[in-house]
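K.L.:
One letter stands for each residue in the lines below.
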Amino acid sequence: MRVRKPQDLNGISGLIIPGGESTVIDKLSKIYKLRDPIRALIASGLPVFGTCAGLIMLANDFTGGPDDQESFGGLDVTVSRNAFGSQADSFETNLSIEGIPEEINVAFIRAPIVTRAGAEVSVLAKLSDGSIVAVRQGNLLGISFHPEVTGVTSVHKYFVQMCKSANLSA
Amino acid sequence: MLKGGVIMDVVTADQAKIAEDAGAVAVMALERVPADIRAQGGVARMSDPDLIDQIIASVSIPVMAKARIGHFVEAQILQSLKVDYIDESEVLSPADYVNHIDKWKFNVPFVCGATNLGEALRRITEGAAMIRSKGEAGTGDVSEATKHIRTILGEVRTLSAKTDDELYVAAKELQAPFALVQEVARTGKLPVVLFTAGGVATPADAALMMQLGADGVFVGSGIFKSGNPAARAAAIVKATTSYDDPDVLAEVSRGLGEAMVGINVADIPAPHRLADRGW
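Protein chains in written order, with this note's numbering: chain A, -13 to 156; chain B, 71 to 349.
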């Protein structure tokens, strides 16, 4: 289901913050009064999965945005926004991710990278040059890339497992 | 990843900032918006690289720029400027009345206009990564935008209902490659995102396009030719996001000041209609 209003958050067992422009997600979540409820849910341990712009929204700290842009926070990482350059610098690559059995082909589109990961953060995947592109901290999962563009479902399945485990232990 | 978003025409770095602040997912860098191209006449060409550079420097969101239909050198220049998308656009004066740009030769993605499914599939065959239904740019009259998005999606639905052996003739009639026609019939959608453009001037217009099935909306002259561009831009973003919620649409439609005056498409002589450019 889509979340557009605070009441849409009632009773959910997980939240996916998709790609897009993080500036837009930030502005609209503030206008629609979603920012504080989502921050509260993150603090209460709700499983949240951020892809691309969603990773920026989950980062405690980020660089490369307008001065007034805010994130929801939760992941103790610093993320560099749009770290690879313009649209023409987008690419697809094979990536192995900890916790996911097979190497997957994924798309990086004006993607961010994690430039600092705190002590509590597990790094799940790196590019060959060492750039961190997938992290997990507790019930928060953040990735730089778009698995859905290449039709890969294994990262989403991994997140569904996170939601199921969280509901069992709750 | 622009789906569900609004892409706005801007002619200065200041307008680009207003668009970003209002929640645009991308901006289109232009020297003149379509309403002015229409009013002033003359040959409309690619924008000055200085203007495009200034706009790229002023915002953090993707920047698109237009090349003339078939003008692959303008496209080479835009790629060298590192724009995020090139729009091979009927809003500019065509440079080639037979061929479009071979878009496979470029790394940068292209968006192209279409009025029907056959035209959309020909552009995708040439390498377009995004289609926008054309509408009639610079009018503020949404009727052509409605016609084109309905036509494209209606033709997709018709294809989906055809049997395998009927698809050969369908491909002939659409003047598009069989394999692509077969793929659209099987998946029930275009293989690329489908935005809509050309005449969107109000939040209700944008929501109409989304309810008709567009993946997102281009707004050209409608914002910066209106009385209060910042408020109208923000309202159109909200309407595009909450397109199926009439309570939100009513709220965001209030107090926006004057909409662009506009021209009824029926009053434009056929040779002056931009949507007919493209082959």
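To be clear, the hints were calculated from the coordinates, so they are not data collected in a lab.
For every residue, glycine included, the Cβ atom is placed at its ideal position computed from N, Cα and C.
Do not rely on the hints blindly, as some may be mistaken.
[To be verified] The calculated label-pair distances, taken between Cβ atoms and stated as ranges, are:
{"#": "1", "chain 1": "B", "residue 1": "Asn177", "chain 2": "A", "residue 2": "Gly50", "range": "18 to 28 angstroms"}
{"#": "2", "chain 1": "A", "residue 1": "Lys19", "chain 2": "B", "residue 2": "Lys73", "range": "20 to 30 angstroms"}
{"#": "3", "chain 1": "A", "residue 1": "Met(-13)", "chain 2": "B", "residue 2": "Thr233", "range": "47 to 57 angstroms"}
{"#": "4", "chain 1": "B", "residue 1": "Tyr167", "chain 2": "A", "residue 2": "Glu78", "range": "29 to 39 angstroms"}
{"#": "5", "chain 1": "B", "residue 1": "Gly297", "chain 2": "A", "residue 2": "Asp22", "range": "29 to 39 angstroms"}
K.L.:
Checking against the hints above, which ones are violated?
P.N.:
3
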